[in-house]
Amino acid sequence: MSAILEVEHVTRRFAGLVAVSDISFKLGQGEILGVIGPNGAGKTTLVSLISGTLRPTAGDIVFEGSRITRLGAYRRARLGIGRTFQIMRPFPGLSVLDNVAVGALFGHTAESDLAKAREKARAQLDFVGLGKFAAQRAEELGGPNRKRLELAKALAMQPKVLLCDEVMAGLNLVEIDEVIEVLRKIRESGISILVIEHVIKAIKQLSDRLLVLHHGDKIADGPPDTVLANSTVIEAYLGRRRP
Amino acid sequence: MTALRLGFVIVVAAVLAALPLFGSDVIIQFGINALLLAVLAQSWNIIGGYTGYASFGNSVFYGLGSYGVAIAMVQWNLPFAVGMIFGVALAVVFAFLLGVPVLRLKGHYFAIATLGLAQVMSAIVSNVSVAGQNIGLVLPPLNNDRLFYELSLVLLIVATLTVFWLTRSRFGFGLIAIRENEEGAAVMGVNTTLYKVLAFALSGAITALAGGIHAYWITFLDPDSAFDISLNVKMIIMAVFGGPGTVFGPVLGAFVLSAISEILSSKVTNVAGLFFGVVVVAAVVLMPRGVADVVRQFRKSGWRYFAENLKAHRI
Amino acid sequence: MDLLAQVLINGVLLGGLYAVMALGLALVWGVLNIVNLAHGAFIMLGAYLAWHLYTYLGIDPFLGLPLTAIVMFCVGYMLQRGLLNLVVRAPMFNTLLITFGLEVVLTYLAQLAFSADFRTINPPYAGNSIALGPLVVPLARLMAFGVAVVLTVGVWLFLLHTKLGRAIRATAQNLVAARLYGVEPRHLYAVTFGIGIGLAGAAGCLYGTVSQINPYIGATLTAKCFAISIIGGLDNPLGVLVGGLVLGVIESLTVLYIGATFGDVASFGVLVLVLIVRPSGLLGKTA
Numbered sequence: 009m010s011a012i013l014e015v016e017h018v019t020r021r022f023a024g025l026v027a028v029s030d031i032s033f034k035l036g037q038g039e040i041l042g043v044i045g046p047n048g049a050g051k052t053t054l055v056s057l058i059s060g061t062l063r064p065t066a067g068d069i070v071f072e073g074s075r076i077t078r079l080g081a082y083r084r085a086r087l088g089i090g091r092t093f094q095i096m097r098p099f100p101g102l103s104v105l106d107n108v109a110v111g112a113l114f115g116h117t118a119e120s121d122l123a124k125a126r127e128k129a130r131a132q133l134d135f136v137g138l139g140k141f142a143a144q145r146a147e148e149l150g151g152p153n154r155k156r157l158e159l160a161k162a163l164a165m166q167p168k169v170l171l172c173d174e175v176m177a178g179l180n181l182v183e184i185d186e187v188i189e190v191l192r193k194i195r196e197s198g199i200s201i202l203v204i205e206h207v208i209k210a211i212k213q214l215s216d217r218l219l220v221l222h223h224g225d226k227i228a229d230g231p232p233d234t235v236l237a238n239s240t241v242i243e244a245y246l247g248r249r250r251p
Numbered sequence: 010m011t012a013l014r015l016g017f018v019i020v021v022a023a024v025l026a027a028l029p030l031f032g033s034d035v036i037i038q039f040g041i042n043a044l045l046l047a048v049l050a051q052s053w054n055i056i057g058g059y060t061g062y063a064s065f066g067n068s069v070f071y072g073l074g075s076y077g078v079a080i081a082m083v084q085w086n087l088p089f090a091v092g093m094i095f096g097v098a099l100a101v102v103f104a105f106l107l108g109v110p111v112l113r114l115k116g117h118y119f120a121i122a123t124l125g126l127a128q129v130m131s132a133i134v135s136n137v138s139v140a141g142q143n144i145g146l147v148l149p150p151l152n153n154d155r156l157f158y159e160l161s162l163v164l165l166i167v168a169t170l171t172v173f174w175l176t177r178s179r180f181g182f183g184l185i186a187i188r189e190n191e192e193g194a195a196v197m198g199v200n201t202t203l204y205k206v207l208a209f210a211l212s213g214a215i216t217a218l219a220g221g222i223h224a225y226w227i228t229f230l231d232p233d234s235a236f237d238i239s240l241n242v243k244m245i246i247m248a249v250f251g252g253p254g255t256v257f258g259p260v261l262g263a264f265v266l267s268a269i270s271e272i273l274s275s276k277v278t279n280v281a282g283l284f285f286g287v288v289v290v291a292a293v294v295l296m297p298r299g300v301a302d303v304v305r306q307f308r309k310s311g312w313r314y315f316a317e318n319l320k321a322h323r324i
Numbered sequence: 002m003d004l005l006a007q008v009l010i011n012g013v014l015l016g017g018l019y020a021v022m023a024l025g026l027a028l029v030w031g032v033l034n035i036v037n038l039a040h041g042a043f044i045m046l047g048a049y050l051a052w053h054l055y056t057y058l059g060i061d062p063f064l065g066l067p068l069t070a071i072v073m074f075c076v077g078y079m080l081q082r083g084l085l086n087l088v089v090r091a092p093m094f095n096t097l098l099i100t101f102g103l104e105v106v107l108t109y110l111a112q113l114a115f116s117a118d119f120r121t122i123n124p125p126y127a128g129n130s131i132a133l134g135p136l137v138v139p140l141a142r143l144m145a146f147g148v149a150v151v152l153t154v155g156v157w158l159f160l161l162h163t164k165l166g167r168a169i170r171a172t173a174q175n176l177v178a179a180r181l182y183g184v185e186p187r188h189l190y191a192v193t194f195g196i197g198i199g200l201a202g203a204a205g206c207l208y209g210t211v212s213q214i215n216p217y218i219g220a221t222l223t224a225k226c227f228a229i230s231i232i233g234g235l236d237n238p239l240g241v242l243v244g245g246l247v248l249g250v251i252e253s254l255t256v257l258y259i260g261a262t263f264g265d266v267a268s269f270g271v272l273v274l275v276l277i278v279r280p281s282g283l284l285g286k287t288a
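Residue numbers (the numbering used here), protein chains in the order written: chain A, 9 to 251; chain B, 10 to 324; chain C, 2 to 288.
Source of the hints: derived by calculation from the structure; they are not laboratory data.
Here the structure is a predicted model, which is why all the values come from computation and not from measurement.
Do not take every clue at face value.
Covered by chain B, according to a simulated footprint, are these stretches of chain A (three or more residues, beta-carbon under 8 Å) [what the hints assert, rightly or not]:
{"id": "1", "region": "52-63"}
{"id": "2", "region": "68-82"}
{"id": "3", "region": "92-106"}
{"id": "4", "region": "110-119"}
Ranges of calculated distance between the beta carbons of each label pair, as one might list FRET restraints [stated by the list, open to error]:
{"id": "5", "chain 1": "B", "residue 1": "20", "chain 2": "C", "residue 2": "175", "range": "47 to 57 Å"}
{"id": "6", "chain 1": "B", "residue 1": "20", "chain 2": "A", "residue 2": "38", "range": "53 to 63 Å"}
{"id": "7", "chain 1": "B", "residue 1": "174", "chain 2": "A", "residue 2": "134", "range": "50 to 60 Å"}
{"id": "8", "chain 1": "B", "residue 1": "27", "chain 2": "A", "residue 2": "134", "range": "42 to 52 Å"}
{"id": "9", "chain 1": "B", "residue 1": "85", "chain 2": "C", "residue 2": "262", "range": "22 to 32 Å"}
{"id": "10", "chain 1": "C", "residue 1": "175", "chain 2": "B", "residue 2": "85", "range": "52 to 62 Å"}
{"id": "11", "chain 1": "B", "residue 1": "22", "chain 2": "C", "residue 2": "182", "range": "54 to 64 Å"}
{"id": "12", "chain 1": "C", "residue 1": "260", "chain 2": "A", "residue 2": "123", "range": "54 to 64 Å"}
Beta carbons are placed, not taken as given, at the ideal position from N, Cα and C, and that holds for glycine.
With the rest of the complex left out, here is chain A (with noise of 0.2 Å):
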């Protein structure tokens, strides 16, 4: 499997604080990975360092073959790295049909005719399961939907890598098997994706491969089985939720 995006010695430093610390790894093209780590592990770091809200101290980032590690978060977007946020950035006062037809219009595939935008955005809050809120604002929507919001924002932009940090976090269980359905079928519309989540069950379900971060550094990568029976990795992570 080729590798659509690579993250290379990436290191990231908060005022003395490391928050990711020399951390590799790639990303096959048509690819599920899974990140866990406990709180404070550094995986919203590394979203945010990989869709360029933040820059990395050291190291470097390559997306397909190219080194992306100096450009703005837009360009990322305009390449094709479509991101949600674990703590949403909707845009509260507009309708949720045009919150999705924001990603149509600026994302990889940018749609400059406001009426083509709108109408693919329909199509992606209907495929998320939002068709009937379309005309709602999105700061009436509840929870769960905002969820799939944040989704559907970042798949409008029909992106090559989608990165998702906790789109299943507070969710209950059936709406977490829908949410892991819509993400096969992401992949399976050829979309690499990114997966953190805290639902352990979840996200070994989802990922063809795991990844574990502690402290911000990597302990362990691989096939979920064999990560999730990592002596580190219990010690690290599993044993410290149930001591």
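For chain A, the structure is supplied; the task is to place chains B and C on it using the hints.
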């Protein structure tokens, strides 16, 4: 519905255009002032209402537009139209040079930085000899108020069409996305820095045109009046009173508030300003999203609308 | 050299006064997130109050200062409780506008009540000064400076070492933190705004002893207060003191070396530069 609204707007524009045919000189002069204020409120709407950056520096654009016309006509003997272009060029250059660093600031900090810029520009112009230093410049008089009226009306229509275009163009959606959530806009592919600077420059160019018309009409300008901060406050109040981020709100706000202060200052000369202040305070408390929102919501919720506003933001 | 030293002395004395002027604005801004465009108008009201106390009752402006501050505190408390608490959580535009509306109202009320004439408070010692070799230190300005420093340090100690002060500081981080200290937020907001306005009143007394007053001085004073708060940062009253001193000295130096018309260029130029380089203030924490 939209056809109806379009017809209504065209009728209003036609009536406004025909006003000088039957209006008195006083009315025409009031009209010029009200139209120019509406242009200012509308162009502030681009950067403040649509992009969400509360600029207190738009009076700089107004001053640059005024001085562009005055310098071109008085010092270089060029025609008015060339002066207008010169003024717009000054405004756009200013927007690009200072927009980049200043538009990195958020919220109050942006507001205050632009306020500071306005003060600095006024003081700098007071020391530039081609601008007549702090004495100012006197332009060749042109006693044709009807012409100034129609020019102002055309400019207002251009400004309003520009804002209307924002509501249905990719550029406008980018600006709105920035207002609603700047980081969210950036990761979706909006070039936030460029868009903000373009919005600032667009707002500045229209404001400069209004300044140019005003300077030629008044035939005199000095740094204090050209870079008057209270003019900037006025445009914000009119835009917010009418409804920021809407197509017609700022125009409505400018007309209503101009009329109120005109009536007050003719009836109750010495307390007119006091009433104006009270109107502003009451408007913020009772209709925080402007007249445009009242018009939309009042039919639905009636008087309860005001009570709900009272409750919405208190602690 | 003597000239430079004299200008520095003038700048420092002016800066102390500037600091008290800005202290209330910075406090209200930092804690309530309201940029009070009417702050200068409250300084103006304080100055008129001191003028009346002196002219009609013969109370020295420095002795009248506590009384003025208390009266202005009550005005501020009631304004916040009755009006501004309605909009504290509204978007920034709205709080800016409502305080601007207040500024207009206060200015016109002052014009109706006190006329547009310039007033000065001239206590018998107004012309006195202390000679330091070739240098001259005007007595009234020195006293104003002293009071300014005492007030600034007083506010600092109050915020650090009293329960109410700690509640106010906590509120700056989180709007409802007051509850953790057993204080009703509405009351706490009103107290904070009251302190801000009380400080404006006190600053007005001092301003009246060193400068002329009329109903229209408010807007310029507000703009200066912005500059000082930005230079000093909103975190700490001592920062505001530094901001005031910096601005006072820069203004005095600019007027001496570049020209009187550049005084405002300097202060606002510094403001813009500081904002661009360090948005959280010269002494503020980095964001």
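Hint by hint, here is what the structure shows:
no.: 1; hint: 52-63; in the structure: holds (count 3)
no.: 2; hint: 68-82; in the structure: holds (count 3)
no.: 3; hint: 92-106; in the structure: holds (count 8)
no.: 4; hint: 110-119; in the structure: holds (count 7)
no.: 5; hint: B:20 / C:175: 47 to 57 Å; in the structure: holds (52 Å)
no.: 6; hint: B:20 / A:38: 53 to 63 Å; in the structure: holds (59 Å)
no.: 7; hint: B:174 / A:134: 50 to 60 Å; in the structure: violated (29 Å)
no.: 8; hint: B:27 / A:134: 42 to 52 Å; in the structure: holds (50 Å)
no.: 9; hint: B:85 / C:262: 22 to 32 Å; in the structure: holds (25 Å)
no.: 10; hint: C:175 / B:85: 52 to 62 Å; in the structure: holds (58 Å)
no.: 11; hint: B:22 / C:182: 54 to 64 Å; in the structure: holds (58 Å)
no.: 12; hint: C:260 / A:123: 54 to 64 Å; in the structure: holds (59 Å)
The structure shown violates just one earlier hint, number 7.
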